[in-house]
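Chemist: Make the full structure from the sequences, and use the hints.
Residue numbers (the numbering used here), protein chains in the order written: chain A, 1 to 385; chain B, 1 to 284; chain C, 1 to 85.
Everything labelled a hint here was simulated from the structure, so no lab data went into it.
Be aware that one or more of the hints could be misleading.
No more than 25 Å apart at the CA atoms, straight line, and that leaves these computed lysine-lysine pairs for DSS-like [said to hold, decoys possible]: (1) A:270 <-> A:2; (2) C:48 <-> B:16; (3) A:270 <-> A:305; (4) A:263 <-> A:218; (5) B:16 <-> B:199; (6) B:191 <-> B:53; (7) A:6 <-> B:282; (8) B:232 <-> C:37; (9) C:12 <-> C:37; (10) C:43 <-> C:20; (11) A:226 <-> B:16; (12) B:238 <-> B:16; (13) A:309 <-> A:328; (14) A:6 <-> A:50; (15) B:282 <-> B:238; (16) B:199 <-> A:50; (17) B:200 <-> B:238; (18) C:37 <-> C:14; (19) A:226 <-> B:53; (20) C:20 <-> B:16; (21) B:16 <-> C:21; (22) A:270 <-> A:309; (23) C:21 <-> C:48; (24) B:220 <-> B:232; (25) A:309 <-> A:378; (26) B:191 <-> B:232; (27) B:200 <-> A:226.
Stretch by stretch, here's where chain B covers chain A in the computed footprint (C-beta under 8 Å, at least three residues) [to be verified]: (28) 58-69; (29) 73-83; (30) 129-142; (31) 221-229.
What follows is a set of in silico ranges between Cβ atoms, one per label pair, in the way DEER data are often shown [what the hints assert, rightly or not]: (32) A:356 <-> B:156: 40 to 48 Å; (33) A:189 <-> B:272: 29 to 37 Å; (34) B:245 <-> A:249: 30 to 38 Å; (35) B:24 <-> A:352: 47 to 55 Å; (36) B:200 <-> A:194: 37 to 45 Å.
These figures come from a predicted structure and were not determined experimentally.
Cβ atoms here follow ideal geometry from the backbone N, Cα and C, with glycine treated the same way.
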Amino acid sequence: MKPDPKTVLTGTHFLKGNDAVCEGAISAGCNFVAGYPITPSTDIIERISKRFPFTGGTFIQMEDELSSSIAVSGAVWGGAKAMTVTSGPGFSLMMENIGYAAMTETPCVFVDVQRGGPSTGLPTLPGQADMMQARWGSHGDYQIIALCPESPQECYDLTIKAFNLSEEYRVPVLLMTDECVGHMSERVVIPPADEIELSPRRYTTLPPSEFHLFRPGKDLVPDMIKAGDGYHVHVSGLTHDEHGRPVITPECQDALVRRLVNKIRQNEPKIRMVEEDIPDDSDVILVSYGISSRIVFLVRELARKEGIKAGIIRPIVVWPFPEEVFRKAAKKSRPFVVVEMNMGQIVYEVERCAAGQAKTYLVPHAGGTVHNPEDILKIIREAVK
Amino acid sequence: MSVAVSNPIPVNPVEKYLRMERIPHIWCPGCGIGTALNAFIRALDEAGFEPDKVCVVSGIGCTGRVAGYVNLDSFHTTHGRAIPFATGLKLANPELKIVVFSGDGDLIAIGGNHFIHAAQKNMDITVICVNNFNYAMTGGQYGPTTPISAQTSTAPWGSYQAPFNLPKLAESAGAVYVARWTTYHVRQMKKSILEALRKKGFSFVEIISQCPTLYGRRNKFRDGITHMEWFKEHSVIKDHPIPSDINLGFRTETIVGKFLDIERPTYLDAMNDRYQRIREEKGV
Amino acid sequence: MEKESTTKTPPKIKGEVFIKKERCKGCGFCIQFCPSKVLAFSKEFNEKGYHFPEAVNPDACIGCNLCGLYCPDFAIFSVREKKSK
Chain A
1 MKPDPKTVLT GTHFLKGNDA VCEGAISAGC NFVAGYPITP STDIIERISK
51 RFPFTGGTFI QMEDELSSSI AVSGAVWGGA KAMTVTSGPG FSLMMENIGY
101 AAMTETPCVF VDVQRGGPST GLPTLPGQAD MMQARWGSHG DYQIIALCPE
151 SPQECYDLTI KAFNLSEEYR VPVLLMTDEC VGHMSERVVI PPADEIELSP
201 RRYTTLPPSE FHLFRPGKDL VPDMIKAGDG YHVHVSGLTH DEHGRPVITP
251 ECQDALVRRL VNKIRQNEPK IRMVEEDIPD DSDVILVSYG ISSRIVFLVR
301 ELARKEGIKA GIIRPIVVWP FPEEVFRKAA KKSRPFVVVE MNMGQIVYEV
351 ERCAAGQAKT YLVPHAGGTV HNPEDILKII REAVK
Chain B
1 MSVAVSNPIP VNPVEKYLRM ERIPHIWCPG CGIGTALNAF IRALDEAGFE
51 PDKVCVVSGI GCTGRVAGYV NLDSFHTTHG RAIPFATGLK LANPELKIVV
101 FSGDGDLIAI GGNHFIHAAQ KNMDITVICV NNFNYAMTGG QYGPTTPISA
151 QTSTAPWGSY QAPFNLPKLA ESAGAVYVAR WTTYHVRQMK KSILEALRKK
201 GFSFVEIISQ CPTLYGRRNK FRDGITHMEW FKEHSVIKDH PIPSDINLGF
251 RTETIVGKFL DIERPTYLDA MNDRYQRIRE EKGV
Chain C
1 MEKESTTKTP PKIKGEVFIK KERCKGCGFC IQFCPSKVLA FSKEFNEKGY
51 HFPEAVNPDA CIGCNLCGLY CPDFAIFSVR EKKSK
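Modeler: Right, dumping it as structure tokens:
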């Protein structure tokens, strides 16, 4: 499936990461955005509101993030491709409805332009401290997909990817950018529409009499309908059976929750996107994602000048976590140095996968600016001692 | 004693709009939500909409279970968020007729902000609010509509906060159709729901209901009938009263009626109009 | 014709009430608000353990379906059939 060429701004542009998210969404066929202004994400809805009258989309500025995050689910069941964008405190408010989208298997995209927290924190400055919230923020067991772009180009590419993954797995996909990536301007190449591949919604071909709204098909993912097609479905956030009927029993809960989790876990190798460059003679493996990886690439060069050879792992899909990649890398017992703009989140995942086979070091940062390369080098020197 | 029951019993005409395999519903004996649902279904039948194009959206709570019983595309959303979900649904597919059916706690307390903003935008949805004066699903706590002096599980000495006047709230926020009835007024309730369904824009029907198990029990309405008889005796029908005159009190007169029926552009009409003008200006 | 009809007594409206007793939860709304006092609680219980309504005065039913409108459980309704006496 290809996007409508009239909506795709094919060409080479100088764009902010946030603008690239907007263009990525439009290229992906997004035609519904609900949002509430919050720094540093606001320029996404500003550009959306300007562009949508000409791309056939509907933008609505809601009264808060609670309503924005559920309006997205409503729009999807109405047949739209939908997204909401936010940051920090707004992301916290969206948690319950991310859980609803996961429970009702509603394909949609949430963008979190991360800023420093907690609370109001650093509205205009970056952070990467929402990564665990992205994974675990809503109550109960569920699994989402989260992507971390490191440049405006990746903001564009990964927004399309986010929409595609959400349709393939009927799951909310979280695009975890940050203030730095969102507000840096770089070259962004937007390909011709016929070179962009879009995943269509998994609409059922069965008639209403044979259709079950939550009966798993390929990859444990059920097929979908949209309201108004005559299927008379019931969609509920309550634990439900294959018909969508609420069934409040441990047995039904077990079947449903296991499938919600496994449809992502089992398909992790297919969902996986990792940039990996670990030469055989590496002394240390640097782990980073999003904006932090830009610093890590510089640090890698600085370390080489000191005679330390560093490999790189950069998860682009952070959730589900690419466990296999880290387990494999840990086998040679080279230490991991994790560079992230928080006081320790993804480092625990790395440590878990290393399982004692390789030491794991964190370069903590409370947010507000990127890491100082010297702080990372200090930990690298300690790690390779 | 003669018992005249035809055999076989013909099908109740409401059944085609219900998921009969889910009946009996969860509501207590004597509860008014079933009566409100009944009136809604009959209004829907009379309105003659294509059932495939009608959606019911509910939030959480006793009334929030309505979505699970209607044989339509139906959505049981998160607590308080039925209206913004309906907003997304409507904007994505404007040909759908969307009805939000939920309780007073869901729509007015946790969802109160969405209620006023959807009314302000004149979102083209019908909101049916069953007001039973308390949070029933969780055991009868006081809520945004509990009258002063009424007892609830969290106001054991009587409530002391002024309740919302929902028609006044809806009107001042921008609704184009506002009515209030009690569960005693079944025919009027059905007529108002029918008018609300046919109205373009944000239409609102408040249905004051007994809750014998939780609210009634604590406030000397021993069963559903007792409370309905009280509604019968103490309701006064007024058309277009002054909104501030229709406050609900504890064991005071209840003003019911159709309070508002006006015209103004819906959100979608206004948006499409604006988008169209801009596209023409830019020659797109 | 017109003259004739004015002299006649208006046709008595006759209705019929139908009860699905197994659905009833015994709230009694139909009995309480029936304008023709057609219904009363049965002495029997249904399988859920509720006393359901029965038509003790079926000839009085005018098929107004107020019982059907009040019933929260879709357990009763009435229909109107016009018969001249």
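Chemist: Run every hint past the structure and note whether it holds.
Modeler: Status of the hints after comparison with the structure:
1. Under the criterion of a C-alpha separation no larger than 25 Å, the hint pairing residue 270 of chain A with residue 2 of chain A is consistent with the structure, at around 21 Å.
2. For the hint linking residue 48 of chain C to residue 16 of chain B, the alpha-carbon distance of about 24 Å falls within 25 Å, and the restraint holds.
3. Taken as a hint, the residue 270 of chain A and residue 305 of chain A pair is broken in the structure, with Cα atoms around 37 Å apart against an allowance of 25 Å.
4. Distance hint between residue 263 of chain A and residue 218 of chain A is fulfilled; the C-alpha atoms sit about 10 Å from each other, no more than 25 Å.
5. Straight-line distance between C-alpha atoms of residue 16 of chain B and residue 199 of chain B comes to about 24 Å, which keeps the hinted pair within the 25 Å bound.
6. With a C-alpha separation of about 21 Å, the suggested pair residue 191 of chain B and residue 53 of chain B falls inside the 25 Å cut-off, and the hint holds.
7. At roughly 15 Å between alpha-carbon atoms, residue 6 of chain A and residue 282 of chain B fall within 25 Å of each other, so this suggested pair holds.
8. A C-alpha spacing of about 17 Å is found between residue 232 of chain B and residue 37 of chain C, which places the hinted pair at or below 25 Å, so the restraint holds.
9. A threshold of 25 Å between alpha carbons decides the hint, and for residue 12 of chain C with residue 37 of chain C the separation of about 16 Å falls inside it, so the pair holds.
10. For a cut-off of 25 Å, the pair hint linking residue 43 of chain C to residue 20 of chain C stands: about 16 Å separates their Cα positions.
11. A hinted pair counts as satisfied when its Cα atoms are at most 25 Å apart, and residue 226 of chain A with residue 16 of chain B qualifies at roughly 21 Å.
12. Of the supplied pair hints, the one linking residue 238 of chain B and residue 16 of chain B is violated, its CA atoms being roughly 35 Å apart against a limit of 25 Å.
13. About 18 Å separates the Cα atoms of residue 309 of chain A and residue 328 of chain A, which keeps this hinted pair within 25 Å; it holds.
14. Note on residue 6 of chain A and residue 50 of chain A: the hinted pairing holds, with a Cα-Cα distance of about 15 Å set against a maximum of 25 Å.
15. The hinted pair formed by residue 282 of chain B and residue 238 of chain B fails the criterion: a straight-line CA distance of about 51 Å is larger than 25 Å.
16. Between the alpha carbons of residue 199 of chain B and residue 50 of chain A the distance comes to roughly 31 Å, so the proposed pair goes past 25 Å and is violated.
17. With a C-alpha separation of about 23 Å, the suggested pair residue 200 of chain B and residue 238 of chain B falls inside the 25 Å cut-off, and the hint holds.
18. Distance restraint check for residue 37 of chain C and residue 14 of chain C: the Cα-Cα separation of roughly 14 Å lies within the 25 Å cut-off, and the hinted pair is therefore satisfied.
19. A threshold of 25 Å between alpha carbons decides the hint, and for residue 226 of chain A with residue 53 of chain B the separation of about 11 Å falls inside it, so the pair holds.
20. Only pairs whose Cα atoms come within 25 Å are accepted, and residue 20 of chain C paired with residue 16 of chain B is accepted, the gap being roughly 16 Å.
21. With a C-alpha separation of about 19 Å, the suggested pairing of residue 16 of chain B with residue 21 of chain C holds against the 25 Å cut-off.
22. For the hint pairing residue 270 of chain A with residue 309 of chain A, the CA-to-CA distance comes to about 30 Å; that exceeds 25 Å, so the pair is violated.
23. The suggested pairing of residue 21 of chain C with residue 48 of chain C holds, with an alpha-carbon distance near 10 Å, which does not exceed 25 Å.
24. For the suggested pair residue 220 of chain B and residue 232 of chain B, the alpha carbons sit about 16 Å apart, so the restraint of at most 25 Å is met.
25. Our distance criterion of 25 Å between C-alpha atoms is met by residue 309 of chain A and residue 378 of chain A, whose separation comes to about 14 Å.
26. Restraint check: the Cα-Cα separation between residue 191 of chain B and residue 232 of chain B comes to about 18 Å, which is no more than 25 Å; the hinted pair holds.
27. For the proposed pair residue 200 of chain B and residue 226 of chain A, the alpha carbon gap of about 23 Å is at most 25 Å, so the pair holds.
28. Restraint check on the region 58-69 of chain A versus chain B: 8 residues with Cβ-Cβ distances below 8 Å, three needed, restraint holds.
29. Judged by the Cβ-Cβ criterion of 8 Å, the region 73-83 of chain A is covered by chain B as claimed, because 9 of its residues qualify and three suffice.
30. Counting residues of the region 129-142 of chain A whose beta carbon lies closer than 8 Å to any beta carbon of chain B gives 0, which falls below the threshold of three, so the coverage claim is violated.
31. Counting residues of the region 221-229 of chain A whose CB lies closer than 8 Å to any CB of chain B gives 4, so the stated coverage by that chain holds, three being the minimum.
32. The given range of 40 to 48 Å is broken by residue 356 of chain A and residue 156 of chain B, whose C-beta atoms sit roughly 57 Å from each other.
33. With their beta carbons about 34 Å apart, residue 189 of chain A and residue 272 of chain B fall inside the hinted range of 29 to 37 Å.
34. Roughly 50 Å separates the CB atoms of residue 245 of chain B and residue 249 of chain A, a value that falls outside the hinted 30 to 38 Å.
35. The beta-carbon spacing between residue 24 of chain B and residue 352 of chain A, approximately 49 Å, falls within the hinted interval of 47 to 55 Å.
36. Between residue 200 of chain B and residue 194 of chain A the beta carbon distance is about 41 Å. The supplied range of 37 to 45 Å therefore holds.
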